[in-house]
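J.: Could you slot chain P onto chain L? The hints should help.
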Amino acid sequence: MSTESLMWSEKYRPWSLGELVDQKDTVARLQAMIKKPEEMPHLLFTGPPGSGKTTVAMIIAKTLLDEYWRDFTLILNASDERGIDVIRERIKVFASHTDRRVGIPFRIVLLDEGDSLTSDSQTALRRIMEEFSLVTRFIITANYASGIIEPIQSRCAIFRFSRLSKDDVVAHLESICRKEKVKFEASAIALVYELSGGDLRQAINQLQAAAALGPVDDQNIKRIYGSTKRSSVKEMVQLAAKGDFTKAREILVDLLFVYGISERDMLKYIFEDAFSMKALDQGSLARMMAEYDYRLIQGAHPEIQLTALLAEIAAMGSGVKVQ
Amino acid sequence: MACFSGYSDSFSRVCWGEMGVMWSEKYRPKRLEEMVGNEDARAMIFDWLLNWKRGMKPLLLVGPPGVGKTTMAYAAAGQLGYSVVELNASDQRTKGELSKSFTSVLSTSLLEENRLLLLDEVDGLYGRADFGGLEYLAEHLEDLPVPAILCANDPESDQVKKLSKRARLVRIKTVPSRLAELYLRLVLEKEGVTLSDENIARIVTSAAGDMRAVLNTAQSFVPTGTLTTLYSKNPNYSLAEAINEACRAGTAEDALRYLQACDADQDEKVMGCYNTIVSASSLQPAVRLRALRGVAGAALLIRRIKSTQQWRLLRYLDRMLADAMHGLGIPYAGDPLPFTAKVRIWNDSKSIKAFCNQLARETNISSREFTAKHLSPTLLIISRSEGGLETWCALHNLDQPVLNALQRELKSIIASIGK
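Just so you know, the sequences run in chain order L and P. One point on numbering: in my numbering, the residue at position 247 of the first sequence is 247, and numbering is uninterrupted. One point on numbering: in my numbering, the residue at position 123 of the second sequence is 446, and numbering is uninterrupted.
So here's chain L without its partners, still in its complex pose (with noise of 0.2 Å):
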């Protein structure tokens, strides 16, 4: 069984911008814009995770170049294909090709999460998307419009995607048990929603999976959450918070070497953890992880700046004066 069909988020990814959960006023530009393609420009999508900014990409390329959309679209996701050779070879390359099919506009390169490109390759990137306008456009998406440099921001036309209401997400997910004869609690659909965060993959995928192991009730939903490394990383904050400090280092030498979770997803998450947590002094908590950060960013040993974060949580948990 192919992934496509197997999955509920990619079966379900919608196709066109009607059916699309939510993000009414850009949908509602992108519709006009689309009317005129010789007019596009490239295109900056920013929003959190799950929003639909790459659905969105996808179905502008679907509907401007129609059947032959997968020949004359290069998807890359610049997380894992982020280095400067990406951008001049394969990038470069594909974009500077002329050959058309009539009916073709242009060609596009769809680039998911270009705010994890260096910013070298970014800067080898903004000349090529002037360089071959003519023939190519790009749509570029990033969870936040600042990690993208100013020089490509004034290149595309930005489309800001905010996180999906819960109504619309329940909504969605409901018809989604419906197709798929699923039973469900509505407490358990709602409770995804707050899981999840607003995303919307995310939120399919618990869904399924807890359909998987049983029933869709609060129950799985919750265990299916823990199960994830997302909420491993909850976890270890929540050790070493309440001072057992051996227990939350097993869980991050298991995330980060295991599972290969990047230091710098790892404090993202963490970030997201600490700071929702009262018992913390979030003055202190700032400071700290703002040095750790940087100590990060200029490369010092990642293992032992996260060890040395996790003492310096479990300090402030139980209450050690931390100068």
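Because the hints were derived from the structure by calculation, they are not lab data. The structure presented is a predicted model; accordingly, all values stated were derived computationally and were not measured. Each residue gets a CB set at the ideal place from its N, CA and C atoms; glycine is no exception. A portion of the hints provided could be inaccurate.
Every beta carbon over 12 Å from chain L, so not counted as near; a handful from chain P, in silico [as the list claims (entries may be wrong)]:
1. E685
2. S708
3. Q730
List of simulated lysine-lysine pairs, DSS-like, C-alpha gap at most 25 Å [as the list claims (entries may be wrong)]:
4. K234(L) <-> K222(L)
5. K380(P) <-> K496(P)
6. K268(L) <-> K242(L)
7. K222(L) <-> K278(L)
8. K268(L) <-> K673(P)
9. K11(L) <-> K166(L)
10. K485(P) <-> K496(P)
11. K181(L) <-> K11(L)
12. K278(L) <-> K268(L)
13. K222(L) <-> K734(P)
14. K278(L) <-> K242(L)
15. K234(L) <-> K665(P)
16. K488(P) <-> K247(L)
17. K353(P) <-> K513(P)
18. K166(L) <-> K234(L)
19. K513(P) <-> K423(P)
20. K234(L) <-> K247(L)
21. K488(P) <-> K380(P)
22. K234(L) <-> K423(P)
23. K485(P) <-> K418(P)
24. K376(P) <-> K268(L)
25. K676(P) <-> K234(L)
26. K353(P) <-> K496(P)
27. K676(P) <-> K11(L)
28. K181(L) <-> K166(L)
29. K247(L) <-> K665(P)
30. K376(P) <-> K485(P)
Among the chain P residues that face chain L by a calculated CB cut under 8 Å, a handful are [what the hints assert, rightly or not]:
31. S604
32. I628
33. S630
34. I740
T.: For chain P alone, kept in the frame of chain L given last:
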């Protein structure tokens, strides 16, 4: 003309102190037979000088520091009525300077007493600073009007290779430890000082045949009386010992000595300290924090040194580590990862990565995001689908090891869900 070649800074700091006279000078043998080790070489040097005639090749003594090369030259000269004219690395030895010294030695040698020319540390004759010196030396060695002894440490150095054709090469070996011990005990007796047998053994072992280091180290023990082990740079002094002692040390100052004594690479030192701290389960949060802050700071320092290539920053490293480690009272631990964890990292991490990459591509998401949030739900979904994980892996060209790893992962997910 005293010359303390081979002394490290820390030695001179420690040894000068209140003691005034260094034992290594005070007890430098005056006669060849007072020395220990290298019996054949000593006899040979004595015979050579006794029978010296113009036209004989000079001697080139080659051996590690502190084994008695300079002492042998002075002792033989003293016993046979020669006075020594010494030129060492502290003197400028360009062609011009050498020629000046030679002329003055040679012009007066016939009129006054017998002279022995001692050219110490010839492997320290450098190209630019001592321009032309080596060539001048090689040229004039064979027709010197006075006996000459040359000393060098490194038998493989270019200088030794160049000069050995014009001189008689004599290898001077390290002093065997039982003889070094004998000599040390003699000195201790004369000084009226006692050291435990254990300390004597340690001093002798750590000096590794360098008699001068034996005396210097022994002397450094006496004023404090508190040190239980050595702090001379020594490759035999392992990282484990250094960290153990540093953790036992009462003050950062003491801990510093142990850490400085250890010759380990700076990254190894930081990792060693880090592993030691995280392996200890008994530390109080505040103590652990202090220690880990110190080590994390040291790790950051290393990173800064490497990225800026400012190696002088390295001088702060041992001090930061000493401050972190002193008084922890925990034993050294090399590698805190249990074997089972390592096996898992080896076996499973690649397979999990392969799976995540594949699915991330197919679902248009980054593999980072997939691993963090979608790995476990997706595995569950696939395993409960028709044909299960096995069929899915076969369809997606993922091989048996990957399948095995994924099955282990699934098992642990199900186990964690069960509780």
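J.: Give a verdict on every hint.
T.: Results for each hint:
A beta-carbon of chain L comes within 12 Å of the beta-carbon of E685(P); the shortest separation is about 4 Å. The claim that S708(P) is not at the interface with chain L is violated, since a C-beta of that chain comes within 12 Å of its own (minimum 6 Å). Separation of Q730(P) from chain L is adequate, the least Cβ-Cβ distance of about 15 Å exceeding the 12 Å criterion. For a cut-off of 25 Å, the pair hint linking K234(L) to K222(L) stands: about 14 Å separates their Cα positions.
Using a Cα cut-off of 25 Å, the hinted pair K380(P) and K496(P) holds, with the two alpha carbons roughly 21 Å apart. A distance of roughly 20 Å separates the Cα atoms of K268(L) and K242(L); the hinted pair therefore holds under the 25 Å criterion. A hinted pair counts as satisfied when its Cα atoms are at most 25 Å apart, and K222(L) with K278(L) qualifies at roughly 22 Å. Proposed proximity of K268(L) and K673(P) is supported: the alpha carbons are some 24 Å apart, at most 25 Å.
Proposed proximity of K11(L) and K166(L) is supported: the alpha carbons are some 21 Å apart, at most 25 Å. For a cut-off of 25 Å, the pair hint linking K485(P) to K496(P) stands: about 21 Å separates their Cα positions. A threshold of 25 Å between alpha carbons decides the hint, and for K181(L) with K11(L) the separation of about 15 Å falls inside it, so the pair holds. Distance check on the hinted pair: K278(L) and K268(L) sit about 18 Å apart at the alpha-carbon level, within 25 Å; holds.
For a cut-off of 25 Å, the pair hint linking K222(L) to K734(P) stands: about 18 Å separates their Cα positions. For the suggested pair K278(L) and K242(L), the alpha carbons sit about 13 Å apart, so the restraint of at most 25 Å is met. Restraint check for K234(L) and K665(P): the C-alpha separation of about 24 Å stays at or below 25 Å, so the hint holds. For the hint linking K488(P) to K247(L), the alpha-carbon distance of about 67 Å lies beyond 25 Å, and the restraint is violated.
Restraint check: the Cα-Cα separation between K353(P) and K513(P) comes to about 16 Å, which is no more than 25 Å; the hinted pair holds. Only pairs whose Cα atoms come within 25 Å are accepted, and K166(L) paired with K234(L) is accepted, the gap being roughly 23 Å. Under the criterion of a C-alpha separation no larger than 25 Å, the hint pairing K513(P) with K423(P) is inconsistent with the structure, at around 43 Å. Between K234(L) and K247(L) the alpha-carbon distance is near 13 Å, which keeps this suggested pair within the 25 Å criterion.
Using a Cα cut-off of 25 Å, the hinted pair K488(P) and K380(P) holds, with the two alpha carbons roughly 10 Å apart. Distance hint between K234(L) and K423(P) is unfulfilled; the C-alpha atoms sit about 78 Å from each other, more than 25 Å. Of the pairs offered as hints, the one joining K485(P) and K418(P) holds, with about 16 Å between alpha carbons and a cut-off of 25 Å not exceeded. With a C-alpha separation of about 83 Å, the suggested pairing of K376(P) with K268(L) is violated against the 25 Å cut-off.
Only pairs whose Cα atoms come within 25 Å are accepted, and K676(P) paired with K234(L) is accepted, the gap being roughly 22 Å. Simply put, K353(P) and K496(P) have alpha-carbon atoms about 19 Å apart, close enough for the 25 Å limit, and the pair holds. In summary, the hint linking K676(P) to K11(L) is supported, as the alpha carbons are separated by about 24 Å, within the 25 Å threshold. Note on K181(L) and K166(L): the hinted pairing holds, with a Cα-Cα distance of about 22 Å set against a maximum of 25 Å.
As the CA atoms of K247(L) and K665(P) are separated by approximately 17 Å, the hinted pair is consistent with the 25 Å bound. Under the criterion of a C-alpha separation no larger than 25 Å, the hint pairing K376(P) with K485(P) is consistent with the structure, at around 23 Å. Proximity of S604(P) to chain L holds as hinted, the smallest CB-CB distance being about 5 Å (cut-off 8 Å). Taken as an interface hint, I628(P) does not check out: its beta carbon lies about 11 Å from the nearest beta carbon of chain L, beyond 8 Å.
Hint status for S630(P): holds, given a least beta-carbon distance of 7 Å to chain L, under 8 Å. For I740(P), the shortest C-beta to C-beta distance to chain L is roughly 4 Å, which falls under 8 Å, so the interface hint holds.
Against the hints set out earlier in the document, violations occur for numbers 1, 2, 16, 19, 22, 24 and 32.
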